[in-house]
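Each chain is listed here by its residues.
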Amino acid sequence: MKKATLARRGLALGALVTVAVTLAACSGGSVTGNAGSSDGKTTITMWNQATGDTATKLTEMVDAFNQSQSTYEVKSQFIAPEGFTARLVQALTSNQAPNLVIGDQNPSSLGEAIATGKIVSLDDKLGTGDYPLAAEDIPPGMLASGVFDGTTYALPTDGGDYAVIYNKKKFAEAGITSTPTTWDELAADAKKLTKDGAYGVYLPIGSGEWPVFTYQSMLWSAGGEFLSEDNKKVEFDSPAGVTALKTWTDMIDAGVAYPSTAADSNQNQGWPAFNAGQFAMFIGGAYNLKSVQDGIGAENVGVFTFPKITTPAMNTGTDVSYVTEGTDEQEAGSYAFLSWFMQPDQQAEWDIASGYLPTNLKTQDSDAWKAHVAENPLLSVFVDQLAYAKSRPSISSYSEISAALGAELEKAMLRQKSPEDALRDAATAGQAVLDR
Amino acid sequence: MTLSLERSLPRTVAPIPEPRRRKPLAARVPGILRHAVLIVATVLFFGPFVWMVLVSFKSAQEALAVPPTFLPTEWHFDNYSRLFQIAPFGRFYLNTVVVAVLSTLGQVVTSLMAGYAFARLKFRGRNVVFVVLLAALMVPFEVVFTPLISLLSSLGWLNSYQGLIVPNIPSILGVFLFRQFFSNFPSEIEDATRIDGASVWQRFRLIMAPMATPMIGSFAILSFVYNWNNFFFQFIAVNQTDFFTVQIGLTLLQSQEGASNFNLLMAGSTLAVIPVLVVFLLFQNQIVKAISGGLR
Chain A
1 MKKATLARRG LALGALVTVA VTLAACSGGS VTGNAGSSDG KTTITMWNQA
51 TGDTATKLTE MVDAFNQSQS TYEVKSQFIA PEGFTARLVQ ALTSNQAPNL
101 VIGDQNPSSL GEAIATGKIV SLDDKLGTGD YPLAAEDIPP GMLASGVFDG
151 TTYALPTDGG DYAVIYNKKK FAEAGITSTP TTWDELAADA KKLTKDGAYG
201 VYLPIGSGEW PVFTYQSMLW SAGGEFLSED NKKVEFDSPA GVTALKTWTD
251 MIDAGVAYPS TAADSNQNQG WPAFNAGQFA MFIGGAYNLK SVQDGIGAEN
301 VGVFTFPKIT TPAMNTGTDV SYVTEGTDEQ EAGSYAFLSW FMQPDQQAEW
351 DIASGYLPTN LKTQDSDAWK AHVAENPLLS VFVDQLAYAK SRPSISSYSE
401 ISAALGAELE KAMLRQKSPE DALRDAATAG QAVLDR
Chain B
1 MTLSLERSLP RTVAPIPEPR RRKPLAARVP GILRHAVLIV ATVLFFGPFV
51 WMVLVSFKSA QEALAVPPTF LPTEWHFDNY SRLFQIAPFG RFYLNTVVVA
101 VLSTLGQVVT SLMAGYAFAR LKFRGRNVVF VVLLAALMVP FEVVFTPLIS
151 LLSSLGWLNS YQGLIVPNIP SILGVFLFRQ FFSNFPSEIE DATRIDGASV
201 WQRFRLIMAP MATPMIGSFA ILSFVYNWNN FFFQFIAVNQ TDFFTVQIGL
251 TLLQSQEGAS NFNLLMAGST LAVIPVLVVF LLFQNQIVKA ISGGLR
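Protein sequence lines correspond, in order, to chains A and B.
As numbered in my numbering, residues 1 to 436 make up the first sequence, in order.
As numbered in my numbering, residues 1 to 296 make up the second sequence, in order.
By construction, these hints were calculated from the structure, which means they are not laboratory data.
Keep in mind that a hint or two might mislead.
Not everything, but these chain A residues come out facing chain B in the computed CB check (under 8 Å) [as the list claims (entries may be wrong)]:
(1) 51
(2) 56
(3) 77
(4) 78
(5) 96
(6) 266
(7) 275
Stretch by stretch, here's where chain A covers chain B in the computed footprint (C-beta under 8 Å, at least three residues) [to be verified]:
(8) 65-72
(9) 80-87
(10) 149-157
(11) 239-247
(12) 261-267
For each residue, glycine too, the CB sits at the ideal point set by N, CA and C.
Required output: the full structure, derived from the provided sequences and hints.
In structure tokens:
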């Protein structure tokens with residue numbers, strides 16, 4: 001083929017592709033986040049962070065909602081959790097924001113979005129609408145995660161807490177007949193379970209939120225507090241805080257706890273190493289059950305309540321959902337989907353698929369949920385703890401304070417520092433953040 | 001007389017072969033060492049890709065198992081079909097191909113013309129502008145993306161093909177490469193055509209561009225690979241699934257705890273890597289030439 005013909009054909013092809021692309025660009029995909037209305041239905045754009053199989057389930061539920069009524073049409077859009085708040089704030093300030101966010105995994109960074117003034121308060125929406133939802137239906141510890149400066153801006157839609165998951169077979173082999181209820185008992189059991197290169201227990205070691213999240217229950221159980229009532233002073237370096245941390249570091253010193261991190265970029269709890277038999281107990285959530293049941297066999301998996309130091313305590317993490325400013329129809333439609341999503345039947349369906357725990361107290365009465373708990377009796381341990389669970393302070397500087405504490409906790413757990421020094425340094429750094 | 005007769009006879013008898021002797025070990029060692037080093041390097045560089053492909057066929061459990069298994073105990077070919085159930089990966093592929101191809105085309109064309117202009121055309125401020133461009137090369141993208149996104153947002157180009165392609169069309173590196181290439185080019189042919197009365201465009205189109213074909217090929221491949229893998233910019237410029245590229249689509253497979261989709265993530269990554277691998281295999285000669293600077 002002559003070079004000139006080839007060149008001409010190449011140019012023609014390039015021009016064709018360009019034209020096709022321009023046409024596609026002009027016709028499909030609207031530029032702004034809100035596409036207005038279609039067939040008289042108000043379109044609600046909903047951002048969510050669901051990945052993998054939970055994403056498929058959420059799409060199913062959105063379709064079900066759209067078919068169940070003819071006023072609103074919800075469009076689901078996945079946005080990655082990394083940089084979510086920054087992206088949301090940018091969209092809010094340039095009028096390209098979604099109408100609704102479902103399942104934000106970082107509730108404490110909501111403060112930044114609220115500062116734009118475009119998040120709608122839900123205080124007067126609760127109790128209204130077609131789908132009954134009142135503030136009393138939500139456990140106070142969970143509801144608190146969406147409250148900023150006394151106003152409810154977000155509702156918790158996914159709940160999560162943790163307990164101790166253990167290997168029943170190893171317990172039987174070590175001659176342990178009853179599960180521990182206090183940390184002293186757990187340390188004694190761990191001693192019996194440490195043999196042949198395997199350890200008794202894995203305590204959270206690593207960077208990130210998980211060690212701080214689990215440490216807070218120890219702190220509360222020892223009688224301490226994370227921050228003062230007015231969230232202005234750091235209080236975790238109290239004697240109770242040191243006692244809490246020492247409970248863990250003493251086990252590492254005694255050689256009964258796994259001495260390094262078992263977390264990786266895909267999980268924080270250490271379940272792969274548990275499946276491999278490297279330790280007999282670890283702190284995990286309900287979402288870990290399937291992985292360990294598949295790994296060592298469902299008959300070998302057991303769960304017991306998170307032990308106490310003096311009083312039982314539990315931390316709860318929630319993913320929150322919130323509504324952004326828009327027209328009256330859009331706000332009403334957003335709240336309609338949110339309250340529908342939090343109805344007992346919907347929560348049961350969502351939690352069975354996702355492994356999260358319900359945030360609506362009425363879900364306990366749902367038939368689907370009751371059947372699910374009956375099939376998975378281990379779940380009841382997690383659910384029962386929710387009754388006394390507290391949540392982390394919802395202030396915008398939480399993530400920095402947590403990062404400071406997390407770094408020091410890691411050093412203490414790796415025995416590079418004493419618990420007192422670690423907590424004191426973390427408190428200094430945390431207080432500096434609060435004083436800004 | 002007899003001598004010349006003998007010499008004029010054609011040689012019909014085959015020469016007696018010398019007996020083959022194995023080279024002594026001392027002489028073979030460099031060859032063995034070379035092979036050993038190459039084998040180690042191959043394992044080190046190829047190992048992660050082989051691992052990625054193997055993990056993409058494992059179950060979710062086995063993907064993260066400790067200690068890790070090498071070959072899957074059960075081959076889960078359905079991981080690849082499950083990918084397409086979770087998200088419209090076909091659409092993501094189309095988007096990535098469109099964006100990568102058009103961006104590369106734009107980069108090659110503009111860099112070629114600009115490189116020629118800086119090398120061969122004399123205009124006022126030519127050197128100043130070139131130095132400013134070189135300085136701009138040192139500014140990392142993380143510094144400029146915020147105002148860029150505001151600009152795209154005010155133009156209404158977020159979540160659109162033009163928003164993904166147009167900011168990537170200027171390539172300072174490309175201008176630099178082509179300018180160096182044209183500078184090092186002997187100017188006799190070009191002078192000859194200029195004397196014959198060819199205009200700038202004709203010189204460029206008929207002489208210089210065809211001569212630069214190897215360089216264009218190499219730069220096009222490097223540019224294609226860059227645009228295919230340009231995760232950071234695509235991640236922040238797009239908020240709608242319709243305009244996701246394959247790289248952003250992979251974030252849909254990451255998960256924090258519990259129900260890990262690590263095996264699916266590896267399957268998606270394998271699919272994302274294959275086109276670039278194919279392009280590289282087809283054009284590896286040119287890439288090596290370009291990087292080793294053998295193009296003059």
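Hints, verified against the model:
1. Interface hint status for residue 51/A: upheld, as the beta-carbon distance to the closest one in chain B is roughly 5 Å, under 8 Å.
2. Nearest Cβ of chain B to the Cβ of residue 56/A: about 6 Å, under the 8 Å cut. The hint holds.
3. Among the interface hints, the one on residue 77/A holds; its C-beta lies about 6 Å from the nearest C-beta in chain B, closer than the 8 Å criterion.
4. Hint status for residue 78/A relative to chain B: holds, with the closest Cβ pair at about 6 Å, below 8 Å.
5. Nearest Cβ of chain B to the Cβ of residue 96/A: about 7 Å, under the 8 Å cut. The hint holds.
6. With a cut of 8 Å, the hint placing residue 266/A at the interface with chain B holds, because the nearest CB-to-CB distance is about 5 Å.
7. This hint holds: residue 275/A has a C-beta 7 Å from the nearest C-beta of chain B, less than the 8 Å allowed.
8. Counting residues of the region 65-72 of chain B whose beta-carbon sits less than 8 Å from any beta-carbon of chain A gives 3, enough to reach three: the coverage restraint holds.
9. With 3 residues having a Cβ less than 8 Å from any Cβ of chain A, the region 80-87 of chain B passes the three-residue criterion, so the hint holds.
10. Counting residues of the region 149-157 of chain B whose beta-carbon sits less than 8 Å from any beta-carbon of chain A gives 6, enough to reach three: the coverage restraint holds.
11. Coverage of the region 239-247 of chain B by chain A holds. Counting CB-CB distances below 8 Å, 5 residues qualify, and the rule asks for three or more.
12. Restraint check on the region 261-267 of chain B versus chain A: 3 residues with Cβ-Cβ distances below 8 Å, three needed, restraint holds.
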